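In this text, residue positions in the sequence shown follow the numbering used here: the first is 1, and each later residue adds one.
Capping the alpha-carbon separation at 20 Å, the derived lysine-lysine pairs in PhoX-like fashion look like this:
no., residue 1, residue 2
1, Lys272, Lys248
2, Lys272, Lys207
3, Lys157, Lys134
4, Lys224, Lys248
5, Lys206, Lys88
6, Lys272, Lys251
7, Lys224, Lys205
8, Lys205, Lys88
9, Lys161, Lys134
10, Lys22, Lys161
11, Lys134, Lys64
12, Lys156, Lys134
13, Lys156, Lys251
14, Lys64, Lys88
15, Lys59, Lys134
16, Lys224, Lys206
17, Lys272, Lys224
18, Lys251, Lys157
19, Lys207, Lys224
20, Lys224, Lys251
21, Lys272, Lys206
Everything labelled a hint here was simulated from the structure, so no lab data went into it.
As the structure is a computational prediction, the values presented were derived from the model and not from experiment.
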Amino acid sequence: MLSRFDYVRPQALEEALAYLGKNAGTRILAGGTDLMVMLRRNAEMPEHVLDIKSIPETKQLEYKPQQGLFIGASVTVNQVAEADFVQKKYSALAQAANSLASYQLRNRATLVGNICNASPGADLSGPLFVYEAKVHIANCQGERIVDINEFFTGVKKTVLKQGELVIGVSLPDVAVEDVSLYLKQTRIKGHDLGIVGVAARLTAKKKCLVAMSAVAPTPIRLTKLEEMINSQPLTAELAALAGEEVRKQIKPISDVRSSAEYRLHVSGVLVKRALTQLLAMGGR
Numbered sequence: 001m002l003s004r005f006d007y008v009r010p011q012a013l014e015e016a017l018a019y020l021g022k023n024a025g026t027r028i029l030a031g032g033t034d035l036m037v038m039l040r041r042n043a044e045m046p047e048h049v050l051d052i053k054s055i056p057e058t059k060q061l062e063y064k065p066q067q068g069l070f071i072g073a074s075v076t077v078n079q080v081a082e083a084d085f086v087q088k089k090y091s092a093l094a095q096a097a098n099s100l101a102s103y104q105l106r107n108r109a110t111l112v113g114n115i116c117n118a119s120p121g122a123d124l125s126g127p128l129f130v131y132e133a134k135v136h137i138a139n140c141q142g143e144r145i146v147d148i149n150e151f152f153t154g155v156k157k158t159v160l161k162q163g164e165l166v167i168g169v170s171l172p173d174v175a176v177e178d179v180s181l182y183l184k185q186t187r188i189k190g191h192d193l194g195i196v197g198v199a200a201r202l203t204a205k206k207k208c209l210v211a212m213s214a215v216a217p218t219p220i221r222l223t224k225l226e227e228m229i230n231s232q233p234l235t236a237e238l239a240a241l242a243g244e245e246v247r248k249q250i251k252p253i254s255d256v257r258s259s260a261e262y263r264l265h266v267s268g269v270l271v272k273r274a275l276t277q278l279l280a281m282g283g284r
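Kindly generate the complete structure, drawing on both the sequences and the hints.
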């Protein structure tokens, strides 16, 4: 049985921010795929729930040439996965979105909710890292924009402060020659939480970017590994070397889904596989 709380569904951003400013501890409802489970279990008992789905700014899903992609906080994961411009321009993001949970859950779950939940294994974080996304955060004083690599601060923790609301996420435009992919290892085939997730991108200028989930307290971008990869031509031998090197740069844990040792092994395999596929798609 759900606990009792005040439910509010504002029609404007200003109304939502005013409510947040006056009511500490308000939980945000967009997709609700995590929040509703917690409420049903009484694992969380907030006094206030703010539904943001009617706020126009949160419903935007738009791509503009030379500017890039904007994904509002109420946009569902299926909307992201099925958008033609996401599939054509941001392949890793489309693939990660398609790998999240089940189709039914993706009809409710949101990309912004996935990152605000701040799970170390957040599927959509890796592609956002390699596309150097920015998080748009609003409060009563205005708006601030945070780089995605500064957004996560710990397990289930972000830079969000009391009274703040994520409006959406923006990704810069990419060239036609830009290629990317997302690989994920799970316990079972189908909709399962990832044991390890790897996002990799090769830009039109042949710069390689790599990010991972479920191998550290937060999703991470592997900048040291990128330096090694970008210091020389991308080859099959370099892909294999990177697969070995990545194991030295991550700190996975053992949990109910996997041992740390297995995560280390799989991480190396997936990084090697990702770089090998990038090489075939448009390597240097």
